[in-house]
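With chain A held as given, fit chain B onto it using these hints.
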Amino acid sequence: MSNKMHVKLNVNGEDHEFLAEPRELLIYALREKLNITGPHVGCETSHCGACTVTMNGKSVKSCTVFVAQANGAEVTTIEGLGGPDALHVLQENFKEHHGLQCGFCTPGMITRAAKLLEENPNPTEEEVRFGIAGNICRCTGYQNIVKSILSAASELNAAKEAAQ
Amino acid sequence: MKDEVTREERVAGLKGMGCSRKRVEDARFTQGKGNYVDDVKLPGMLHGDFVRSPYAHARIKSINIDAAMALPGVTAVLTAKDLEPLSLHWMPTLAGDKQMVLADGKVLFQGQEVAFVVASDRYVAADAVELVEVEYEELEVLVDPFKSLESDVVLREDLVAEDGSIPPGAHGPRKHPNHIFKWEAGEEEATNQVIDNAEVVATEEMYYHRTHPCPLETCGSVASMDKVNGKLTLWGTFQAPHVVRTVASLLSGIEEHNIRVISPDIGGGFGNKVGVYPGYVCSIVASIVTGVPVKWVEDRMENLMSTAFARDYWMKGKISATKEGKITGLHCHVTADHGAFDACADPTKFPAGFMNICTGSYDIPTAYLGVDGVYTNKAPGGVSYRCSFRVTEAVYFIERMIEVLAIELDMDPAELRSINFIKKDQFPYTAALGWEYDSGDYQTAWDKALEAVDYKGLRAEQAQRVADFKAGKTRKVMGIGLSFFTEIVGAGPVKNCDILGMGMFDSCEIRIHPTGSAVARLGTISQGQGHATTFAQILATEIGLSADSITIEEGDTDTAPYGLGTYGSRSTPVAGAATAMAGRKIRAKAQMIAAYLLEVHDDDVEFDVDRFVVKGAPERFKTMKEIAYAAYNQAIPGLEPGLEAVSYYDPPNMTYPFGAYVCVMDIDVDTGVPEIRRFYALDDCGTRINPMVIEGQIHGGLTEALAVALGQEIAYDDMGNVKTGTLMDFFLPTAWEVPNYETDYTVTPSPHHPIGAKGVGESPHVGGVPCFSNAVQDAFRPFGNRHTNMPHDHWRIWQTANNLGLHD
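Taken in order, these protein sequences are the chains called A and B. Quick note on the working numbering: the first sequence kicks off at 1 and runs consecutively. Quick note on the working numbering: the second sequence kicks off at 1 and runs consecutively.
Looking at chain A on its own, in the form it has when it is part of the complex:
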């Protein structure tokens, strides 16, 4: 196949350029071209959310976005939220409240939760449950995930208040 296109992506603040077939899915471009392997492939049909990233300010399932659609986009993955030097408050809370087990859904789940808390900094339990309903976890039964997100929300809010 030689119908490759020139793709530009900004991922986690870094610019990338590469050649790809337009039909290539964003998740594979991230994982295989850019070696960003935090987001995972669980279903390739948008159901499971393991591939969730933030694209141009919205949560998207990167397994159903063609790289052609993503051309020029700003993308944030789990790697862009926090790392060893400065963990994201969600990353800390998922550990604190045992919000993960096998870890396969976790990057997508935390990426989605981060966007959810941006959209709604003070969610109810019900709003959290609805807000992450596009992300499937097979291990935890969600109870501790919900707890982790609610706890992160109150920590973020407390930090905001303290700053004001």
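Simulated from the structure, these hints should not be mistaken for lab results. Glycine included, each C-beta is placed from N, C-alpha and C at the ideal position. Don't take every hint at face value.
[Said to hold, decoys possible] Residues on chain B that point at chain A, a partial pick, calculated with CB under 8 Å:
id, residue
1, T30
2, D38
3, T703
Only chain B this time, still in chain A's reference frame:
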């Protein structure tokens, strides 16, 4: 040296058994730095993809690979013909049968592997799959095991002799070409006599539907054959990496020391990743053929269609009792649909797993179980989906039979359970079907559960609800689901448990480093259970070094001692025991070193938290850190340098965790939507290693139980087409459907396990499925319901309501 730290602080500092230690795995998983099989990327690596059969039963007339091979980027297309010279076109299954790796002349289920394409990337491989031309001749399809046993259509011609006779299978005589085995336990005649002469008899037929473990990560492997050194490295989603190494060696002829199997991080297993799949074999062959690494990762549809279904048991029960409710006999017959190949992952001597635990938690003096395994045109598998071997089926069976008997007796089902529990003083208890239950205190757990939910109050509320419903004041009915379960886990004693002849022991090897930290390697492999956290806790308590100073490694057969892997809740009962025993060997040597350093006799020192102290003189001691340093750096007469130990643990018995669950559910009879108002789960898993991890396991197991009971299903149409092959149709609950669970516990240690632990990962699934199902059925009991089959999805619940006239 002055010791200013209190004993309590020293205990807390260990982060040993009993504390809710935070997980060490979480740092990499929360930062996107897990290393799953699809993250393995090697120079020059090719990608494999399968051509799969669209038919459930067909003869293959021809396969044309020319167009596929002509596609740029395609390196090879393998068919059975290519594998035959290597004797790899068929492979042994874990159940003593054999299975086609690539279709050999015919296909037996939809989605069966027909050809394996190897190409430069996954897109080219997928394109090439479309270009392989396969000509099929359709054959009559059998998806019903009862019809299969009467049909003239022979599914497995390889299992019929030339003269038409039917040779016995791996588990004895077969009565029909499509029959796999008949397996029996207990006394049928005696059981029939008891039932025929009983005061009360209840009978019921139930279908435990086919479903699938569906971990979020699908199955896959990366094979890399280093032809220069003759070494094969195989990464994969393996719940039993050592078994895979042995099987790979037997199949390929490569000596076992030249094969290194690595299970990296595994994205959930739940039984799906126990078996050996054609994809693993094909990636190995393709790497040998091409000389470069080959990756195979199945997609979700392939996962649901071809690797590892669970359940599919047609169960027929008879239970007898006195008028007062004392159970006298139990008869169970199962027609087990195993699909096209018998690829169940059960210990060799147990072709129906531990289905003979079906007398449950009750003192039933006489019982019989017969299981007929049957071939059909469905995918092979029969794995234990989040349970010990077929225990979910067994517990569902008995917990439904109890409910049906309660209806027959017009008795409260909670009361009926109480009357029949195995009593505390009866343990160790030998059940009518042979198992010896190690320990239990069922009545205490049951009473605690019923009190916690105010069971009497719930029944009163339900009675009021029935009255309100009949009076037209509400359209919601209320169900109280009960279940009391006993698991049988920790397979198992080598004397009666093996897989492909390999005894089901497990292992731990410990090396203490001079500065007082340690690495321990086990024969198991975590798939989310948190072994790196909890096994370090066992060791911390046993050897007196902080869990934070102990690295746990699993999954690399070049470094880890041989073990049978992680499934059937066997890690803590078997490898956990090995860990404690290896720790005790470390301690025994440490004691000698401490005594030498303290200039006293070995018997004059004793272990205390993190040190050995001179008896009666606690101010004279050597910490385990000091002892570790001395072990390497001080010449001690009569002792070798170093501080290492290994233990291979062959458990004397299984362990028998148990629990009491109650579910309160409201059901809208017009929509069929169930609403779980409350779920209370009391688990007794013996000694508790990490309460946080236990609770997490229970939440997860209950959610998988909810899924199975309320909608999850692998369904086929009459042509053998899979109707639930994507997550659009295959129910995985989201956060929106799942309730908050209340967890509780009692502690009845296992008397034979070194630390008294029993295992917990699967209990909530085993106990949860009947509890959710019983809640649905109990809601309709006041309106005449006796039994309806799972899964209780909205449509089926609506039908139940409709059949009972609740829409009139």
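What hints, given by number in increasing order, does this structure fail?
Violated hints: none; all satisfied.
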